[in-house]
Amino acid sequence: MKTLFDLFPVLLFFGAYKLFDIYVATGVMMAATVLQSAYTYWRERSLPLMQKVTLIMVLGFGAVTLGLHDERFIKWKPTVFYTCLALGLAVAVWALRKNFLRAMLGSQLQLPDALWQRLNVAWIAYCAFMAALNAYVVLNYSTEEWVNFKLWGYVFPLVFIIGQGLYIAPHMKLAEHEPSPDDVEKNP
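FYI, the numbering for the sequence shown is 674 to 861, going by my numbering.
I should point out that these hints are in silico values taken from the structure, not numbers from a laboratory. Heads up, some of the hints might be wrong.
Said to hold, decoys possible - Calculated cross-link-like contacts (lysine-lysine; reagent style DSS-like; alpha-carbon spacing at most 27 Å):
#1 Lys771 <-> Lys691
#2 Lys771 <-> Lys725
#3 Lys823 <-> Lys691
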């Protein structure tokens with residue numbers, strides 16, 4: 674469900690582009706991202722780091738796109754975003770010896786250290802791939818084709834997330850189940 678919720682601004686962007694143009698679509702995506710962030714904040718009383726970064730980048734690149742009436746800025750946003758994410762993860766793990774994936778998700782997932790390291794490298798490679806793929810589409814295809822790629826290219830993160838889940842599933846430690854008083858009565 675979270676993935677579908679994350680797709681909300683992209684779907685609205687796609688629809689607005691098909692009905693109007695890239696500039697209306699950019700404004701719609703900016704508004705949808707603000708609404709999505711407000712709803713997340715209302716529900717969780719905080720915004721995850723990635724949501725904050727996405728909000729700032731969508732508003733920043735969107736404002737420049739609209740202000741200069743130049744579609745190149747919104748088209749390059751995914752490349753800049755994924756490049757920054759790949760570089761941030763790489764510097765953190767190889768220069769600072771910190772694994773941000775483990776820091777963000779370690780309280781939810783108990784995985785072996787070596788697996789956290791491999792996941793971090795996988796995320797670096799995935800982000801570098803997505804940055805390069807978006808750059809390729811921006812440089813070689815029309816705006817219409819880029820918008821179509823933006824929607825249908827969402828298959829890449831879905832496949833990556835599903836693959837990652839299948840990869841870590843055998844390594845996950847199950848939470849210890851404390852017997853409740855009812856369990857003790859049923860199974861003396």
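Structure-based check of each hint:
1. Lys771 <-> Lys691: 43 Å, violated
2. Lys771 <-> Lys725: Measuring from Cα to Cα gives roughly 21 Å; hence the hint holds.
3. Lys823 <-> Lys691: Cα-Cα ~13 Å, so holds.
Of the numbered hints listed earlier, the single one contradicted by the structure is hint 1.
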